[in-house]
Amino acid sequence: MENRKNAPGRSSPLPLDYLRMVSEVFTTNFDEGLRAFAKIANKPRFEARGDIHLTEIVLCVSLHQEGQLAATSVYASSDYDPRASVPTIEELLAACVDAIATVYQQLLVPGDVKRLEHLADESLSALENVPFEWTPVQVEKFRIHIKADKANPALDEMTEDWLAKNDPQYRKRAEEAEEATKSRFFTGPKNLDEKDLRDDEDKDEEAQDSAPKTPAAARKPPRGTLH
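Going by our numbering, the first residue of the sequence shown is number 2, and it counts up by one from there.
Think of the hints as simulated: they come from the structure by calculation, not from any bench. It cannot be assumed that every hint is accurate.
[What the hints assert, rightly or not] Below, simulated BS3-like cross-link-like pairs (lysine-lysine); rule was C-alpha separation at most 27 Å, straight line: (1) K6 with K115; (2) K6 with K151; (3) K115 with K151; (4) K151 with K44; (5) K142 with K40; (6) K142 with K44; (7) K40 with K151; (8) K6 with K142.
Start from the sequences and build out the full structure, keeping to the hints where you can.
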């Protein structure tokens, strides 16, 4: 999958539970845009993927259309130091989620049929304000780099799956990398007990009452996703 630093060495995939949660959050928050896009595209759906590299975290959310190999993919990259206690990996990923959401807010505009038609095309070149190269943005206190293209990370994943099935050494290295990722990663709010969740929700509601309303703040999903 695309990464900004092109660092040598293997990466570790983000846990599937977390990636499913991210996909669900985008599906929920962009429901209106997806329904409008579905009138032009064939069964559009979001899929999330992500990797942890030695000094970088990369999250990708792709918008797939059934029957097409190409997909609209938006990437977010953050510098990452596994030895540092702050910022946490959860904070960095939350910022990546928000950065990707800002791009889809410009792409999935329910009332802009022409823009949706361009989004359904094989190329994004007709669209303005799309970061075709790695572009730095500020998300709260974090510097995140974003990029969009028509690559389909699922094709890379198919290659990796084939290697995992046919190359025992590759499969062993992949399993070790996945376990290493899980050992330092918090997969989502379902790991918190109900009291902690209620306390966090109360704090979030108080903060929302005093904060300016934006599309992300107005429909805040669980901690560690859009906010």
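Discussion item. Under the constraints set out in the numbered hints, which ones does this structure not fulfil?
Written reply: Hints 1, 5, 6 are the ones this structure does not satisfy, whereas the remaining hints hold.
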